[in-house]
Amino acid sequence: KQEVTQIPAALSVPEGENLVLNCSFTDSAIYNLQWFRQDPGKGLTSLLLIQSSQREQTSGRLNASLDKSSGRSTLYIAASQPGDSATYLCAVDTDKLIFGTGTRLQVFP
Amino acid sequence: GAVVSQHPSWVICKSGTSVKIECRSLDFQATTMFWYRQFPKQSLMLMATSNEGSKATYEQGVEKDKFLINHASLTLSTLTVTSAHPEDSSFYICSAQDRLLDQPQHFGDGTRLSIL
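Protein sequence lines, in the order shown, are assigned to chains G and D. Each residue of the first sequence is one higher than the one before, starting from 65 at the first, in our numbering. Each residue of the second sequence is one higher than the one before, starting from -1 at the first, in our numbering.
Just to be clear, a hint being listed does not mean it is correct.
[As the list claims (entries may be wrong)] Heads up, simulated EDC-like pairs for lysine to aspartate or glutamate below, C-alpha to C-alpha not over 20 angstroms straight-line:
id : chain 1 : residue 1 : chain 2 : residue 2
1  : G       : K106      : D       : D86
2  : D       : K39       : G       : D148
3  : D       : K53       : D       : D63
4  : D       : K39       : G       : E120
5  : G       : K160      : D       : E61
6  : G       : K160      : D       : D96
7  : G       : K106      : D       : E20
8  : G       : K160      : D       : D100
9  : G       : K65       : D       : E57
[Stated by the list, open to error] With the C-beta cut set under 8 angstroms, the calculated list includes, among others, these residues of chain D facing chain G:
id : residue
10 : P84
11 : G106
12 : D107
13 : R110
Worth flagging that the hints you see were computed from the coordinates, not collected in a lab. Glycine included, every Cβ here is placed at the ideal spot set by N, Cα and C.
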């Protein structure tokens, strides 16, 4: 059974810091891995999608890497801003999405 | 970009009533739609997967008679919570996907359901 875990569960940092969010999964048989952002009481915003054959994807200040063999992905946020405050979820696609436990990020001015 | 509209965004009702939530894909054909449930400070849990014109496939532990799913067209799926009780209060999110084009899932904004 696929299990997805995210570390840390919560993170509070001053703005300007570079951040690394971690995601691990137990079964490497995945089609892709996605990172999402969720604001309180809202739906999901897709940030990055990495196909199983890819190693990383970049969008603006965000960079996500994937090491399928070791069952790990990281989301790197450069020069964090208060507007980045949200919950970040990773999800692996095994013909259905299995979501991680999430990292609640707070960036304070 | 692909847009998924979910309605209503928030509903409060009395225990025992049935509540219907709609999920529409506005600018693409959704061959498959998914329904998720999210409790406070927890992650999304898949409830069921529905393919257009077919019966939904429910995840283990999800009561199919409690959560009725209809996916009668390529742009609309509905989730009906029958005889809702306070323990059904949760945040429900749908997603839609065009599997023929191998597209990723696109998510609605969610429905906050509160049963009194």
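Here is how each hint holds up against the structure:
Under the criterion of a C-alpha separation no larger than 20 angstroms, the hint pairing K106 (chain G) with D86 (chain D) is consistent with the structure, at around 18 angstroms. Using a Cα cut-off of 20 angstroms, the hinted pair K39 (chain D) and D148 (chain G) holds, with the two alpha carbons roughly 18 angstroms apart. With a CA separation close to 12 angstroms, the supplied pair K53 (chain D) and D63 (chain D) stays within the 20 angstroms bound. Straight-line distance between C-alpha atoms of K39 (chain D) and E120 (chain G) comes to about 28 angstroms, which puts the hinted pair past the 20 angstroms bound.
Only pairs whose Cα atoms come within 20 angstroms are accepted, and K160 (chain G) paired with E61 (chain D) is accepted, the gap being roughly 19 angstroms. Among the hinted pairs, K160 (chain G) with D96 (chain D) is consistent with the structure: their alpha-carbon atoms are about 13 angstroms apart, no more than 20 angstroms. Distance check on the hinted pair: K106 (chain G) and E20 (chain D) sit about 16 angstroms apart at the alpha-carbon level, within 20 angstroms; holds. At roughly 13 angstroms between alpha-carbon atoms, K160 (chain G) and D100 (chain D) fall within 20 angstroms of each other, so this suggested pair holds.
Between K65 (chain G) and E57 (chain D) the CA atoms are separated by roughly 13 angstroms; this keeps the pair inside 20 angstroms, and the hint holds. Against a cut-off of 8 angstroms between C-beta atoms, the interface hint on P84 (chain D) is violated, since the closest Cβ of chain G lies about 19 angstroms away. Because the beta carbon of G106 (chain D) sits about 6 angstroms from the nearest beta carbon in chain G, less than 8 angstroms, this interface hint is met. Among the interface hints, the one on D107 (chain D) holds; its C-beta lies about 4 angstroms from the nearest C-beta in chain G, closer than the 8 angstroms criterion.
At about 7 angstroms, the closest approach between the beta carbon of R110 (chain D) and any beta carbon in chain G falls short of 8 angstroms, and the interface hint on this residue holds.
Consistency with the previously given hints fails for numbers 4 and 10, ordered from lowest to highest.
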